[in-house]
Amino acid sequence: MATVSVPPIHKSRLRRVVTSPVTARIVFPFVVIAVWYVIYYTIDSRIFPTPLRVLEFMWEEVTLTSGIRFSSVADNLYEQFGISIFRLTTGFLIAMTVGTILGLAMGLSKAVDAFFHDWVMALLAMPALVWALALSIIFGFGNTAPILTVILAGTPFVVVNVREGVRNTPKDLIDMARSFEVPQGKVNRHVLMPSLMPFFFAALRYAYSIGWKGLVIAEVFGSQVGMGWAIRFWYDAHRAHGVIGYAIFFIIFAMTLEKVVFDPLARRVFRWRPSLDAYQLAEGDFGAVGQEGFLLEDDEIDHDVEIAGMEGHTDDG
Amino acid sequence: MAEIKVRDLHKEFGIGEDRVVALEKVNLDVKGHVFVSIVGPSGCGKSTLLNILSGIETPSSGLVTITQDNHDAEPGYVFQAARLLPWRTVMDNLLFVQKDRSDESRERCQRYLEMVQLGDKVDKYPGELSGGMQQRVGIARAFSIEPDVLFMDEPFSHLDAITARTLRRELHDMWRQTKKTILFVTHDVGEAVELSNRIVVFAKGGKLKDDLQIDLPFPRDPANDEVAVAKAQVLRKFEELDLVAS
Amino acid sequence: MTTTLEPKERTPRSAEEERLIALRKRDTRRKWFWRIAGYVVILGTWQWFSSNVFNSRIVPGPIQIVNVFPDLWNSGRFFESYAATLTRIGVGFSLSFLFGVVLGVATQIRWIAGFFKDSVTISLVSPGLVWALTGLVIWGFEPQGWIFAIFLTTFALVTVNIAEGIRALPKDLIDMSRAFGVTTWRRQREIVIPFLAPFIFTALRFGFSIAWKVTVLTEVFSSNAGIGFEMRVASQLFRMDEFWAWALSFFVFALILEKLVLQHYERKFFRWRQEVTH
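Protein chains in written order, with numbering that gives the first Met the number 0: chain A, 0 to 316; chain B, 0 to 245; chain C, 0 to 277.
Think of the hints as simulated: they come from the structure by calculation, not from any bench. Glycine included, every Cβ here is placed at the ideal spot set by N, Cα and C. All clues stand as given, with none of them false.
Residues of chain C placed beyond 10 Å of chain A at every Cβ, according to the derived structure: (1) Arg18; (2) Ile20; (3) Gly75; (4) Phe98; (5) Val101; (6) Ile192; (7) Ala224.
Here are the simulated DSS-like cross-link-like pairs (lysine-lysine), alpha carbons at most 30 Å apart as the crow flies: (8) B:Lys206 x C:Lys170; (9) C:Lys24 x A:Lys109; (10) B:Lys98 x C:Lys170; (11) C:Lys267 x B:Lys120; (12) B:Lys120 x C:Lys170.
So here's chain A without its partners, still in its complex pose (with noise of 0.2 Å):
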């Protein structure tokens, strides 16, 4: 096993830019605007749109220049957005109420949670489009059918984290602050708010991100107004450019979402804990989540959840 010393490799400062990540996140939308342009001359489609048209389009909605309009209701990009915001907010209102409530009993009470798990996990798995086809049809069109699939959507995603809060309250902390005495309304603000907190986060974070895609989907189905439709009203008309326009419309909300509020929040929420947490997904490095939100970090969700996927099954553990 023989072996000579090697010198140190100096990289030049060129190649340490070009070889960097972060260029490579830098070259990746370019790189898929060239092969957007490959497609579109190599694909036998009258409708499929140039980027640019996409983004002619996307101007045109945003500067209000189109000359379309929707329709005599609300005619225009922000306005379709309007009723769209008020609708999640509405339904992630109820959402939160309802599912912290019952979270809260469900993580107490053994009673109430044998009582309602199936079918809490069996919500946790349908599809936000059963919702959508089903109450468009009790319902009609109008706010009443959106707003209840944003209910039905983010409810049990909000019950499971706060029973899961409930679970994890700290027991030794809680001990210790009775073996010194402290009065309860100090536990309750010192230990178990805050120790519930990042559960409750994460309810938070879930239901409004839940809800605004089951939302989406309820307008597409059930309704004439709010920003579902709009994309809806492009795919009617066989539009490439607007619905894929409105698709980046979407996708710039929710990564605005995700972004801009979210994961401040979470730094700040989570501000005491020294490991990284699954929440930061957008930014830095890969974490492991499953796409309707749940950490993989076994010490925290129970597993009922992990299969939370698999159309209600639990695994009784």
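Guided by the hints, dock chains B and C onto chain A, whose structure is given.
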């Protein structure tokens, strides 16, 4: 018979201000049926030396030659934590490091497991064994490939005192029976004195400071006076070399 | 030097232990009572509402829904539709899974991680609907449409889980195998793959669940076969009992899949974890 030659072995990390020297121009010769302990404070490079000798790390410069009679054999290695594959049985863990899975290999593994009193646990998973038992599996594994040289990196430091004592004795018996060359890293001077014919002393910064012969007869009982005296002498040596805060 | 220990004799259970066992039994009984109570109350209320408050064509009760199943089964419609939908899921998700695994492994190279980082974020964050509609508006009925949708909704999930698994690979075990001169191939087989197995299972579970939702969504819009198609037709004809039968049938299917297939393999793979006694 095995021979280990280390010439001007040097290992460092980082550049400029952050430069850390793990091993500084180490020269060492080990030959034959000896038990050599490598002792020193934490950060003195003892584990790095073992990692380089076993091929896990590469040196910055220098030459290492290991010659064994059985040219095919890799040196055996026993780690601080047993490092067993948790999803494989005890037997499979030993088979994992054999050259093949023939009946011959299986028999050989069975033999070594019996030597460490685990012949009846071959189908258990590591999760079902205690810390001491897991470490025994690790020792059996290292011996089972029948190398001429064995490296051990503080194998008993994670165990409770009683289990460690038992395992020390078993290891010693195995060494006497199989006549191997053992390089044994430890921070416990008493352990080194109990087990070795030779103690190599490292100081912080990877410098080899001293090389001591321990000529007491085997087996050595730690409670024995002579052993205690030898231990005291070695410790005094450490103080001389400024390795212990006096 | 060996020591032998006498096996301990089975001591009779103390009163304390007896009490604990009794309490546990009582707890289990109570849980079952409330669980069944939940079914009775919820299903009962639902049935009552459907019959007395709503038009039971629009809001069918559990009894009506269950009654639809035999017809769907006997007429063969179940098989046709499931065949269509499952084929699509199979094709789309297999592609996505393969790509996801490769990408997950490749993200060890930091440049690649940087390159795909935003695509993963976007895929995780956007509603499946946007991919479904985009694919459909461009390609319509053609396979490219639903493949596009399934691929873009699910690949990121697989990537993320695999990447996480790879990052968690136990370096100490890999070093050990290198110290013993174990070949790379053997290392992959005996260390990497068993270690990654749970991550792969998770990716499969979540990915499949998402894939199914997106596939059905595409079928609702533009298809002439499959579960989504059946659901659309049922809702258009106001046959909501059929609609719910189709929706709930997939729950049953997924349950069977989970219990029979996945759990069987999980038990095989993870026997070593279950055997831990202390």
